[in-house]
Amino acid sequence: MALAGNLEVFNFVDIFQVLKKDKKDGILVVESSNDEQKFGVYFKEGDIVYIRPVKKVFYIYLDIDFSSVLKKEGISEDDLYQYLVSRLPVLLAVKKGKFSFTPGFIKYDENIKPQVEIEKLIMYLSRQLSEAEVERKISDMKLIYTKTDDWEDVAKRAYLTNIERKILSAINGKKTVEDIKNELEVNELVLKRALYGMLASGIIKRAKKEKKLGFNLTKGLLKKIVNIVKGL
Amino acid sequence: MAEKQIKIVVSGPYAAGKTQFINTVSEIQTVQTEAKTTKTGEKEKKSHTTVAMDFGKIRIDDEHVLYLFGTPGQSRFDFMWDILGKGMVGLIVLVDSTDPSTFHEARRIINFFEARYPSPFVVGCNKQDLEGAWDPEDIRTALDLDEDVKVIPLVALNKDSVKNVLLELLEEIAHHI
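Which chain is which? The protein sequence lines are A and B, in order.
Each step along the first sequence adds one to the number in the numbering used here, with nothing skipped, and position 232 is 222.
Each step along the second sequence adds one to the number in the numbering used here, with nothing skipped, and position 105 is 90.
No incorrect hints appear here.
In silico lysine to any residue, SDA-like type, Cα no more than 25 Å apart, as pairs:
(1) A/K213 x B/E153
(2) A/K195 x B/A100
(3) A/K195 x B/L130
(4) A/K214 x B/I13
(5) A/K214 x B/E153
(6) A/K85 x B/A118
(7) A/K214 x B/K42
(8) B/K148 x A/G204
(9) A/K14 x B/D133
(10) A/K164 x B/R125
(11) A/K165 x B/D67
(12) A/K214 x B/V50
(13) A/K132 x B/E157
(14) A/K213 x B/K144
(15) A/K85 x A/Y51
(16) A/K86 x B/R93
(17) A/K28 x B/G117
(18) A/K195 x B/P121
(19) A/K202 x B/L130
(20) A/K213 x B/V134
(21) A/K202 x B/D46
(22) A/K220 x B/K135
None of these hints come from the bench; they were simulated from the model.
Work out the full structure, taking the sequences as your base and the hints as a guide.
This is the structure we're talking about:
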């Protein structure tokens, strides 16, 4: 199944959220719209291990073993962090272009470890989102969020700022976004950026609301509807 | 005897396949309120679009009719969401699995209905038969949906596939009676 799209409407936070969720292994290919920059971003269990700038995209698919990538690039495992950190800003500066993710494909040695926590990156990028971007996820002030089961562990990996910690402590499955804004007297954009990042990194999730039916439906009537639909 | 209307709302971003979904199972020719598409970017996708709502119906018995109301896909007709949300028993949100640029709009629709009319709902990932379709599980994550929300593969042209989405919603509704 495809995992591809346009960076203008599906930014890096959104992409990382999807790749992190199922702890995906694979290669994210990013191509800038001016065709000048092309990257292979190597993921292991949902975290980034390496960013490889290439002249042509097909170069990325010539290597199915990560050790041969390192060999070709002339770098050692110990240098991975340094290369990753220096190339990350260049990658993340690409705002227009396309992406596609190829799951699996690359084989990693066991000793290859993630270099940067993806949650940390998600929060970092969320702090720079525009008003229009945050509206995509936090589109309603009446929304209610709650903490996930493993929020403490995830939050540690995300390196939250003080204001983000305050926002997180106010989230309790009952307060709306508006309630939190009023309670903390926090700027709306700052609040929405924090919620966007925490939602994408898996620290918080949508709170379950009690469902209501707008019609007095009985079990007998529902059974009738089910039978009619089955027979269509 | 006055006819009692049971309302299911079919919503989703522009060109997600809402009208097709309703057409596939409705026993009447869907009543449509369409206009020519005029905006750049939309014209390339389809020539006509729903402007108020469209609806199909399925008769249940002498007294009850199940109505499927389709919301307009373009955001300038959002005011219809409020009108259609009132009194619904369930919501089906459709997404075009091949077009991730519309996922944000799908999330906005879910956010709106969840905040105001929290009825049982399911998500139908339409166009699963087309190349480039995202996996429903990836769509679930992209839409910030919890594991307990049903995110179902769909081909709106296929009757069995549409019936499956409807039946999944009805099963969801059963948990709340």
